[in-house]
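Each chain, written out:
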Amino acid sequence: MRMSRIVRTAADILYPTILIFGLYIVAHGHLTPGGGFQGGAVIATGGALVIVAYSYKEVTGWLTKNVLMGQEVIGLFGFIGVGLLALAFGQVFFFNYLANSGSLFGIPVPYGINAGELYTAGVIPLMNFAVGIEVWGGLTIVILYMLSGLEKEEC
Amino acid sequence: MKKMLVVGASLLILAAFFGVIAMTFSFGSPKMTDMDDYFLRYGQEQTGSNNECTAVVFDFRGFDTLGESTVLFCAIIGVALIFRKMQGGEEYEDE
Amino acid sequence: MLWNLPFITVVVLTLIGLVTVLLKKNIIKILMGINILNSAVNLFIVALGYRAGGVAPIFTLAPSELMVLPTPQALVLTSIVIGVATSALVLSFAMVLQKKYGTVDIDKIRRLNG
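Which chain is which? The protein sequence lines are E, F and Z, in order. Quick note on my numbering: the first sequence kicks off at 14 and runs consecutively. Quick note on my numbering: the second sequence kicks off at 409 and runs consecutively. Quick note on my numbering: the third sequence kicks off at 735 and runs consecutively.
Derived by calculation from the structure, the hints in this document are not laboratory data. No false leads were slipped in.
In the DSS-like style, the derived pairs of lysine-lysine whose C-alpha atoms are separated by at most 30 Å in a straight line are:
(1) Z:842 to Z:758
(2) F:410 to Z:842
(3) Z:758 to Z:833
(4) Z:833 to Z:759
(5) Z:763 to F:493
(6) F:410 to Z:758
(7) E:78 to Z:834
(8) E:70 to Z:834
(9) F:493 to Z:842
(10) Z:763 to F:410
(11) F:493 to Z:833
(12) Z:833 to E:78
(13) Z:842 to Z:763
(14) F:411 to Z:763
(15) Z:842 to Z:759
(16) F:410 to Z:759
(17) Z:763 to Z:834
(18) Z:834 to Z:758
(19) Z:763 to Z:833
(20) Z:759 to Z:834
(21) Z:759 to F:411
(22) Z:833 to E:70
(23) Z:758 to F:411
(24) Z:834 to F:493
(25) E:70 to F:493
(26) Z:842 to F:411
(27) F:493 to E:78
For clarity, every value in this text was computed on a predicted model and none was experimentally measured.
All chains, full assembly: derive it from the sequences and hints.
Below you can see the structure in the form of structure tokens.
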């Protein structure tokens, strides 16, 4: 059932904030505590807030199951694809071919305490994005399917 | 009444057994740290990331993360298969 | 005895989880017991890798150079995600069981089909 107008407005304002905060945790996985799995769980919590504030019939108009399932598949195959691309460079599976190389994510880092630079760490930010998208789609789809299984009870 | 005595006695024996084993661990000084000393000394130069846990999860031990992603994917597919709707609106077929 | 407090907590949590799985009659409580056992094992693995006076193994603006071991934390990350996947699957089993039998008491969910 729909919640009152105050709850719906608060969910409307909070959902983009939670989305940006979760994407920040995913993107800075190689500098601060966090990474793919933690950030994906934060974004799925934002999706759960929207599902609680609005009724189930309205939410299935926006968060469709096909789009979320496609997101999960893209995440897993992106993760495997980034690992397989190392075979094209002549190295082993899952080799870090972008670190210390000077191209996309490849500024070298000396040993010691420093302030953190975003364009370092090679292949690791790409893997963080793939896993974050997979966990986002996966956890939101579990919540939607469990809600649809309850629909006959008229809760 | 007899069941509670049997349960209580076996709980005490298990607690004593595990407790004696838990006393032999020393908290704060791990015994073998050769691999982690290598990760802490050379991990930042070789992978280029400041976060050592992310470097271990995604670069030095990336194969375990691949297995974990696959397990998560298969569990979510299992949940989606359980709540499937058939043609006539039934949840699952009754034979 | 107080300097070993994390390991004593692991023993207490394991016993609570075992008692809940073996002795309770409600199916949701049994599944929560499985979750408690998961938490006990994760705490044990993380507590094995602590160095006295160490900080988190992150080089961005770190206070000092003595760091704890990073490998147990990586293993526990994997274990927590697998625990989430297991809990989601067995809870949806419990939902289907409740819809078919009308109760969550495991003494009444005993007749096989047919």
